[in-house]
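Novice: Line order of the protein sequences matches chains H and F. In the numbering used here, each number is its position in the first sequence, counted from 1, plus 636. In the numbering used here, each number is its position in the second sequence, counted from 1, plus 150.
Everything labelled a hint here was simulated from the structure, so no lab data went into it. Heads up, the beta-carbon is just placed ideally off N, CA and C, and yes, glycines get one too. Each hint should be verified, as a subset may be incorrect.
Computed footprint of chain H on chain F; a stretch qualifies when at least three of its residues, placed anywhere within it, have a C-beta under 8 angstroms from a C-beta of chain H [what the hints assert, rightly or not]: (1) 185-194; (2) 209-217; (3) 331-345; (4) 454-465.
Pair ranges (Cβ atoms, derived) [said to hold, decoys possible]: (5) F:336 - H:980: 27 to 35 angstroms; (6) H:951 - F:291: 50 to 58 angstroms; (7) F:260 - H:878: 42 to 50 angstroms; (8) H:955 - F:469: 37 to 45 angstroms; (9) H:901 - F:331: 33 to 41 angstroms; (10) H:791 - F:291: 24 to 32 angstroms; (11) F:291 - H:713: 53 to 61 angstroms.
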Amino acid sequence: MSTKRTWVRTGLATMAAATLLLVSACNSGSSSSTGTDDEATTASGGGAGGVDIYVVGGKSDDPFWSRVKRGAEDAAKVAESTGGSVTWLGPQNYDNLGPDAAKLIDTAVSNGADVVVGPDWVPEAEDAAFKRVVDKGIPLFIYNSGGLEAADSVGALNYIGSDDHEAGVAGGEYLGEQGVQHVLCVNTLPGAANSEARCAGLAEGVEGSGGEAEQLPMPSSSFGNPTAVSQGIKAALLKDDTVDAVVTIGTGDADAAASAIEQAELGDRVSLGTFDLDETQLSRIKDGTQLFAIDQQPYMQGYLAVSMANSYVLYGIELPQRPLLTGPAIIDGSNVESAIAGAEAGVR
Amino acid sequence: MAPVHTSTAPASDGATVPSESRGAALGNLVRRPETGALIGTLSVFVFFAIFGGSQFLSAGGTASWLNVAAELGIIAIPVGLLMISGELDLSVGSVLASSSMTLAIVSGHWGAPVGLGILLALGLGLLTGFLNGLLVTRTGVPSFVVTLATNFGLAGLTLGLSRVITGTTSVAIDPGSPAKELFGTLLANKFEVAIFWWIGVVLVVGWMLHASRYGNWILAVGGDTVSARATGIPVPKVKIALFMGSALGAALVGVIQTLLYNSAQVANGQAFVFNSIIAVVIGGVLLTGGYGSVVGVVLGTLTFAIVQQGIYYTGWNSDWASLILGILLLAAVLMNNTFRKMALSYAPKRKA
Numbered sequence: 637m638s639t640k641r642t643w644v645r646t647g648l649a650t651m652a653a654a655t656l657l658l659v660s661a662c663n664s665g666s667s668s669s670t671g672t673d674d675e676a677t678t679a680s681g682g683g684a685g686g687v688d689i690y691v692v693g694g695k696s697d698d699p700f701w702s703r704v705k706r707g708a709e710d711a712a713k714v715a716e717s718t719g720g721s722v723t724w725l726g727p728q729n730y731d732n733l734g735p736d737a738a739k740l741i742d743t744a745v746s747n748g749a750d751v752v753v754g755p756d757w758v759p760e761a762e763d764a765a766f767k768r769v770v771d772k773g774i775p776l777f778i779y780n781s782g783g784l785e786a787a788d789s790v791g792a793l794n795y796i797g798s799d800d801h802e803a804g805v806a807g808g809e810y811l812g813e814q815g816v817q818h819v820l821c822v823n824t825l826p827g828a829a830n831s832e833a834r835c836a837g838l839a840e841g842v843e844g845s846g847g848e849a850e851q852l853p854m855p856s857s858s859f860g861n862p863t864a865v866s867q868g869i870k871a872a873l874l875k876d877d878t879v880d881a882v883v884t885i886g887t888g889d890a891d892a893a894a895s896a897i898e899q900a901e902l903g904d905r906v907s908l909g910t911f912d913l914d915e916t917q918l919s920r921i922k923d924g925t926q927l928f929a930i931d932q933q934p935y936m937q938g939y940l941a942v943s944m945a946n947s948y949v950l951y952g953i954e955l956p957q958r959p960l961l962t963g964p965a966i967i968d969g970s971n972v973e974s975a976i977a978g979a980e981a982g983v984r
Numbered sequence: 151m152a153p154v155h156t157s158t159a160p161a162s163d164g165a166t167v168p169s170e171s172r173g174a175a176l177g178n179l180v181r182r183p184e185t186g187a188l189i190g191t192l193s194v195f196v197f198f199a200i201f202g203g204s205q206f207l208s209a210g211g212t213a214s215w216l217n218v219a220a221e222l223g224i225i226a227i228p229v230g231l232l233m234i235s236g237e238l239d240l241s242v243g244s245v246l247a248s249s250s251m252t253l254a255i256v257s258g259h260w261g262a263p264v265g266l267g268i269l270l271a272l273g274l275g276l277l278t279g280f281l282n283g284l285l286v287t288r289t290g291v292p293s294f295v296v297t298l299a300t301n302f303g304l305a306g307l308t309l310g311l312s313r314v315i316t317g318t319t320s321v322a323i324d325p326g327s328p329a330k331e332l333f334g335t336l337l338a339n340k341f342e343v344a345i346f347w348w349i350g351v352v353l354v355v356g357w358m359l360h361a362s363r364y365g366n367w368i369l370a371v372g373g374d375t376v377s378a379r380a381t382g383i384p385v386p387k388v389k390i391a392l393f394m395g396s397a398l399g400a401a402l403v404g405v406i407q408t409l410l411y412n413s414a415q416v417a418n419g420q421a422f423v424f425n426s427i428i429a430v431v432i433g434g435v436l437l438t439g440g441y442g443s444v445v446g447v448v449l450g451t452l453t454f455a456i457v458q459q460g461i462y463y464t465g466w467n468s469d470w471a472s473l474i475l476g477i478l479l480l481a482a483v484l485m486n487n488t489f490r491k492m493a494l495s496y497a498p499k500r501k502a
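Generate the whole structure from the sequences, applying the supplied hints.
Specialist: Set out below in structure tokens:
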């Protein structure tokens, strides 16, 4: 009887251990894929005066966040040189983003963070956790999303990032200068605050020069399927022949939009632009089938946030720029060459 | 889609054809299992033909839903076969992503010949399917759990490896000829070659399910595993082959999308997990297995694609697309249940 119970217990323990292994493997796969993070975390255990920086970020399988993380990793080299460490905490998925992010912020505190860097995606869910960080006397930086308002309301030192609304306005104004009158803003994440702000800003920017912009929302059953997105955009272009520009909220969607314009044979009438940037956008801008891309320069968000966190804790350095904006930057035919060099390095 | 056995015993006689009532009268049409699915497809087509206007009926409009249906169908047909045998495959999303990243990394990032990249991508799919099948048949853990686990595991592996190897999560590829023409080109600048791949899959799987003895095996395995085993059907081998088939379908779509859009992204593909199941269920396959047909799955796929793309031709706010899909799914299943009852309760008592 007792041996039987032991067996059961051993079995359960093995299963639990296997589960833990699996989970930690997933974690190291998606959130801290580089060995340096883990080494740094253990190395700093002795507390040799270095700064233990905890960065809450997105899933690193979306191209955007992999660039933010790359910036954080590059800045981590400086922190590591003085015995510090940078630990990246990311959610497994975006299904329950606010509460998940709040838990990660609490995890950072309970792991003994000297300074916390985090995005304020869902203020209602995350702000309480951010305030707990500040109440413990731990310096806090908000980056990527939330803006200066969020930073001030939770008592963070600064906000580092872009402003989606401003980015949209910049894109809209640029389109206005090119003489565009009717813009379609393709939104594959309808209801998300940042994609809505991008489309709203775009509309505001275009209206400045007398044009108009409308949103094309795509259902979640199309997300991650370029063919469904592409055929949807094609349909909208065929349906309304006054549309003369398509702007997408992300780079994968821009690839789909490029194919849609080609299939509708409207390359002469419809110009293409996108928020964010990758290699494929750059090559299209270079060969002239895409007009522009709006870059919030994600690499600098990770890089600057970690650098500022490190130098604030070590030396008390604060910058006068509040917020510290990393974008928008418009990439078009005039500056595409240097951006291509950055993309090849996995930075832009 | 690999044959279950290499021994090719002649099984061509009509005796093994399942549930086929040859020379059926028109009245028997309502008792066909696909009738519900056919009514669904026709009604959504008519609906969007009325509200979508001439653009929906144009070549471009037809290509819109046909392209989407073709890619979904290449996955939904083998997934449907698997569901007929009583198992689920939730790993197709990650198989698609890993196959497309494999191709882009091998042939785009490292510059190896495109043919090699395609072979490795498809091979990876077959391997994943084999593992799924082996785990399900050896451990007895439900396929829902096993394939959910492989979906996550493979997603993590794909992400981790692509970041270690390339430093990014989206990789560009310049396929060139003839791979581009074979997998990822647009005919008449509108129709994807994937449509022909889909037709090919339909013909092969349709023959297998409805005209070969393997079809009987699959239906028997889904209907009652114990009896199937008792009659000498190699149940584990059948299931492993079916898992390999669905993974191969997903890997093929990964190759097609990569070559069509000249790039691969780690986050792609997850929409296919539920979309393929929706298409199969609309097509009249029983979630519990043992019942379904290839024609039904084809019709279910078409219905799904027409609804998903048709809404853009109506000019209505596409915020409502998901609502319509949800209602359609429920309505289709209710209708299928009605027709299935009619089909199964029909006993040829009054035979003339």
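Novice: So which of the earlier hints does this model not fit?
Specialist: Of the numbered hints, 1, 9, 10 and 11 do not hold.
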